[in-house]
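Using the hints provided, position chain B with the ligands relative to the given structure of chain A.
Order-wise, the sequence lines are chains A and B.
Positions in the first sequence are counted from 1; adding 11 to them yields this note's numbering.
Positions in the second sequence are counted from 1; adding 8 to them yields this note's numbering.
I should point out that these hints are in silico values taken from the structure, not numbers from a laboratory.
In this text, a Cβ means the ideal position worked out from N, Cα and C, and glycines have one as well.
There could be a bad hint or two in this list.
To be verified - Result set (SDA-like, lysine to any residue): computed pairs, CA atoms no more than 20 Å apart in a straight line:
1. A/Lys-264 / A/Lys-359
2. A/Lys-262 / A/Ser-300
3. B/Lys-195 / A/Ser-25
4. A/Lys-336 / A/Asn-301
5. A/Lys-356 / A/Ala-341
6. A/Lys-371 / A/Gln-234
7. A/Lys-147 / B/Lys-195
8. B/Lys-107 / A/Thr-24
9. B/Lys-103 / B/Gly-189
10. B/Lys-208 / A/Gly-91
11. A/Lys-89 / B/Asp-199
12. B/Lys-103 / B/Phe-212
13. A/Lys-126 / B/Arg-214
14. B/Lys-304 / A/Glu-109
15. A/Lys-247 / A/Phe-365
16. B/Lys-195 / A/His-104
17. A/Lys-122 / B/Ser-207
18. A/Lys-147 / B/Lys-103
19. A/Lys-147 / B/Arg-303
20. B/Lys-213 / A/Arg-108
21. A/Lys-145 / B/Arg-303
22. A/Lys-119 / B/Arg-214
23. A/Lys-264 / A/Lys-336
24. B/Lys-195 / A/Lys-262
25. B/Lys-195 / A/Asn-98
26. A/Lys-264 / A/Asp-358
27. A/Lys-356 / A/Ser-342
28. A/Lys-298 / A/Tyr-343
29. A/Lys-247 / A/Gln-333
30. A/Lys-284 / A/Asp-270
31. A/Lys-223 / A/Asn-368
What the hints assert, rightly or not - Cβ pair distances, simulated, as ranges:
32. B/Val-30 / A/Thr-24: 53 to 61 Å
33. A/Pro-86 / B/Gln-253: 32 to 40 Å
34. B/Leu-27 / A/Ser-25: 57 to 65 Å
35. B/Lys-195 / A/Glu-197: 29 to 37 Å
36. B/Phe-112 / A/Lys-26: 18 to 26 Å
For reference, the chains in residue letters:
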Amino acid sequence: MEIRMAKLTKIFTSKNKKEVRAVDNVDLTIPSGKLIGLLGPSGCGKSTTLYLIAGLLRQNEGQIFFDDEEVSEMPPEKRGIGLVFQNYALYPHMTVRENILFPLQNLKVEKEEAKQRTFEMAELVGLQEMLDRKPKELSGGQQQRVAIARALVKKPRVLLLDEPLSNLDARLRLQTREEIKRIQRETGITTVFVTHDQEEAMSISDEIVVMKDGVIQQMGEPQDVYDFPANLFVAKFLGNPQINVFDGEIKNKKIFIQDMEVGKSKLPDQPVKIGIRPEGFIVDSEKTSNLRFDVNLVETIGRDTTLIIDMPGEEKSILDKQSFKVIVDASYRVQAGDLVHFTIKPDKMHLFDFEGNLLK
Amino acid sequence: METKNNLKAWIYLAPMLILMAVFTFYPLINAFMISFYKDYQPLLNLRSAGLTLRNYLIVFNNQLFWKSVLNTFVLAFISVPVSIIVSLFISVSLKSIPKLKGFFQTIFFLPYVTNAIAVGMAFAVLFHVNYGLVNVVLSLFGIDKIDWIGGTASWWAQMGALMVFTIWNSLAFKILVFTSGLENIDKQYYDAARIDAASKWTIFKRITVPLLSPLILYISITSLIGALKAYNSVVGLFGERLGAQPYSMITIVAFVYKYRADFAFTGFYSYAAAASIILFIITLIFSILQTVVSRKRVHY
Ligand SMILES: Nc1ncnc2c1ncn2[C@@H]1O[C@H](COP(=O)(O)OP(=O)(O)O)[C@@H](O)[C@H]1O
Ligand SMILES: [Mg+2]
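With the rest of the complex left out, here is chain A (with noise of 0.2 Å):
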């Protein structure tokens, strides 16, 4: 089933009667079948976009449609949706049965019919033994798949993740993230993943919608928004080490930092914000580009070796020191202290004003 958000709009109103745009103008078409992941940081609203499509909020203003059913004025229990909550919510006086069941003996399902389907998804989500076990007995990955079966035993039309890993360690994580993916895959039910983890977000999603105070930034396939960032907002936000930003300028159709050459651009002259990603750069070991910089530190780990390189330029405090990073291939052979030539990949330098807005 399709979700179709309309200018929508949340406004909370604080106690010192500030408002906040919680859910800013919000024109979005999540596609039938498909799992996305809301990516934002904390506090952009992902949560109350959630809890809007699931019903728990009501907006002040926009629609919302399932499919082509308004839904905006619908309570929560006729909408039809699952939701994991952050912190799963899990019923704590009752076991894992209960707990899946609970949502269906609340639809009047037959009594036959919701013990099966209870077992289908306590096997779905692999803890068909642990039926008898109160949640505080459940390991936290294992409480979260309680979750997801209780969200998905009432067969819904959308199922609504609220970063349902953000309370994981990191290798549970790992785990969990795959068998989301691989449950969402075999049940083919349209998902929300929120999140505010990128690496999370672009690995599990089919497509990826960033999200920044309440506002919507750029929503595509994972490595188009990688590759093709609409602001700097989104490209600082994707990508880990985080994209370089320098201060440089266009003159004569050639783009410079400091006054080093790093490419070509047909904009007209002006000062430019340049977001290079740390693995656009190439060594020169002709050493024949005059882009070019003292490696500070060298950092090898597995197959990258990473390359921190202070800023050059006037004498400032440590403190103030701008530095970069740069990914090249381990077989380089570079110390710290070398001076590295380097070229720029076209297709990795991204140009922006000093709004943060995207230069064609």
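Just chain B with the ligands now, with coordinates in the frame of chain A:
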């Protein structure tokens, strides 16, 4: 190190322990002893040698004692569950009207800070056969005048009035405890329940009550103990006669008071002591029973 800490703990606890020893354990043991004295006259501090079970036999053969047991049990075993259910509903309703909550909380809390005897007098007026508000309201529904607390009042009418008064009196504290208990329940459970299509009643029955069950247990034990010690309410509503007819609403504690007040008669003080020990044992049994039974039903 450990013994040092132990010593410190004992020193901190000492004032409390001393107070309890003087005002709780000593009187309890004393009452226990007195209940076995022969022909005890506390004024002259005279008694016959040896101990006896006779005081208990006399109490057990006293019609008035059995009446007091009956009254106390009926009062306790109806008013406690009813007041718990009523206060639960009021607390849950208060939650859904956050704006008026403070106002209503004050109203429901008033009985708690008002003297039971004074409130009892107000209730005595409310239940008056001719000009009491209760009968006026009942007459709107075509119900004939009922003598609740006057000379012709039936046992059930008196018990009804006493029950209403007792419940009203006990609501305040329960509502206070339940509302703060409700505030401590994570709101996400309610969001989850709405997503799970639970009706209001289902949410109450399957989410709210179980999550409050430790508090409900606590409240039911303390208020059962309180109700078994009912006395103020009877005096408040009926005065010294302890009923519409003399002693018709006597409770176990009232029975104890009555015999204690007549301590000038030989042995009466011991009867009172015996009755109070019996009450103590009854209370103990019910508290233990309730704890054991409820433990199976209380979640986490
Ligand atoms: N119930 C609320 N009352 C007031 N402000 C809220 C409420 N819920 C969220 N907000 C505010 O709305 C913004 C978005 O919150 P949220 O959707 O929870 O962000 P996220 O889930 O992306 O971290 C934040 O600034 C937050 O402080
Ligand atoms: Mg959130």
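We went through each hint and held it up to the structure:
Restraint check for A/Lys-264 and A/Lys-359: the C-alpha separation of about 18 Å stays at or below 20 Å, so the hint holds. At most 20 Å may separate the alpha-carbon atoms for a hinted pair to count; A/Lys-262 and A/Ser-300 meet this at roughly 18 Å. With a CA separation close to 18 Å, the supplied pair B/Lys-195 and A/Ser-25 stays within the 20 Å bound. At roughly 18 Å between alpha-carbon atoms, A/Lys-336 and A/Asn-301 fall within 20 Å of each other, so this suggested pair holds.
For the hint linking A/Lys-356 to A/Ala-341, the alpha-carbon distance of about 18 Å falls within 20 Å, and the restraint holds. The straight-line distance between the Cα atoms of A/Lys-371 and A/Gln-234 is roughly 19 Å, inside the 20 Å bound, and the hint therefore holds. For the hint linking A/Lys-147 to B/Lys-195, the alpha-carbon distance of about 18 Å falls within 20 Å, and the restraint holds. Distance hint between B/Lys-107 and A/Thr-24 is fulfilled; the C-alpha atoms sit about 16 Å from each other, no more than 20 Å.
Taking the CA atoms of B/Lys-103 and B/Gly-189, the gap is near 11 Å; set against the 20 Å cutoff, the hint holds. For the given pair, B/Lys-208 sits about 18 Å from A/Gly-91 by alpha-carbon distance, which is consistent with the 20 Å threshold. With a CA separation close to 14 Å, the supplied pair A/Lys-89 and B/Asp-199 stays within the 20 Å bound. Between B/Lys-103 and B/Phe-212 the CA atoms are separated by roughly 12 Å; this keeps the pair inside 20 Å, and the hint holds.
For the proposed pair A/Lys-126 and B/Arg-214, the alpha carbon gap of about 19 Å is at most 20 Å, so the pair holds. Straight-line distance between C-alpha atoms of B/Lys-304 and A/Glu-109 comes to about 17 Å, which keeps the hinted pair within the 20 Å bound. A distance of roughly 14 Å separates the Cα atoms of A/Lys-247 and A/Phe-365; the hinted pair therefore holds under the 20 Å criterion. With a CA separation close to 15 Å, the supplied pair B/Lys-195 and A/His-104 stays within the 20 Å bound.
For the given pair, A/Lys-122 sits about 18 Å from B/Ser-207 by alpha-carbon distance, which is consistent with the 20 Å threshold. Taking the CA atoms of A/Lys-147 and B/Lys-103, the gap is near 28 Å; set against the 20 Å cutoff, the hint is violated. The hinted pair formed by A/Lys-147 and B/Arg-303 meets the criterion: a straight-line CA distance of about 18 Å does not exceed 20 Å. A distance of roughly 18 Å separates the Cα atoms of B/Lys-213 and A/Arg-108; the hinted pair therefore holds under the 20 Å criterion.
Distance restraint check for A/Lys-145 and B/Arg-303: the Cα-Cα separation of roughly 16 Å lies within the 20 Å cut-off, and the hinted pair is therefore satisfied. Distance hint between A/Lys-119 and B/Arg-214 is fulfilled; the C-alpha atoms sit about 15 Å from each other, no more than 20 Å. Only pairs whose Cα atoms come within 20 Å are accepted, and A/Lys-264 paired with A/Lys-336 is rejected, the gap being roughly 26 Å. In summary, the hint linking B/Lys-195 to A/Lys-262 is not supported, as the alpha carbons are separated by about 59 Å, beyond the 20 Å threshold.
Simply put, B/Lys-195 and A/Asn-98 have alpha-carbon atoms about 12 Å apart, close enough for the 20 Å limit, and the pair holds. Of the pairs offered as hints, the one joining A/Lys-264 and A/Asp-358 holds, with about 17 Å between alpha carbons and a cut-off of 20 Å not exceeded. The hinted pair formed by A/Lys-356 and A/Ser-342 meets the criterion: a straight-line CA distance of about 19 Å does not exceed 20 Å. Our distance criterion of 20 Å between C-alpha atoms is met by A/Lys-298 and A/Tyr-343, whose separation comes to about 14 Å.
Proposed proximity of A/Lys-247 and A/Gln-333 is supported: the alpha carbons are some 16 Å apart, at most 20 Å. At roughly 15 Å between alpha-carbon atoms, A/Lys-284 and A/Asp-270 fall within 20 Å of each other, so this suggested pair holds. For the proposed pair A/Lys-223 and A/Asn-368, the alpha carbon gap of about 14 Å is at most 20 Å, so the pair holds. Judged by the Cβ atoms, the range 53 to 61 Å given for B/Val-30 and A/Thr-24 holds: they are separated by roughly 57 Å.
Taken as a hint, the range 32 to 40 Å is violated for the pair A/Pro-86 and B/Gln-253, whose Cβ atoms sit roughly 57 Å apart. Between B/Leu-27 and A/Ser-25 the beta carbon distance is about 48 Å. The supplied range of 57 to 65 Å is therefore violated. For B/Lys-195 and A/Glu-197, the Cβ-Cβ distance of about 32 Å falls inside the hinted range of 29 to 37 Å, so the restraint holds. For the pair B/Phe-112 and A/Lys-26, the supplied restraint of 18 to 26 Å holds, since their beta-carbon distance comes to about 22 Å.
Hints 18, 23, 24, 33, 34 from the list above are not met by this structure, while the remaining hints are.
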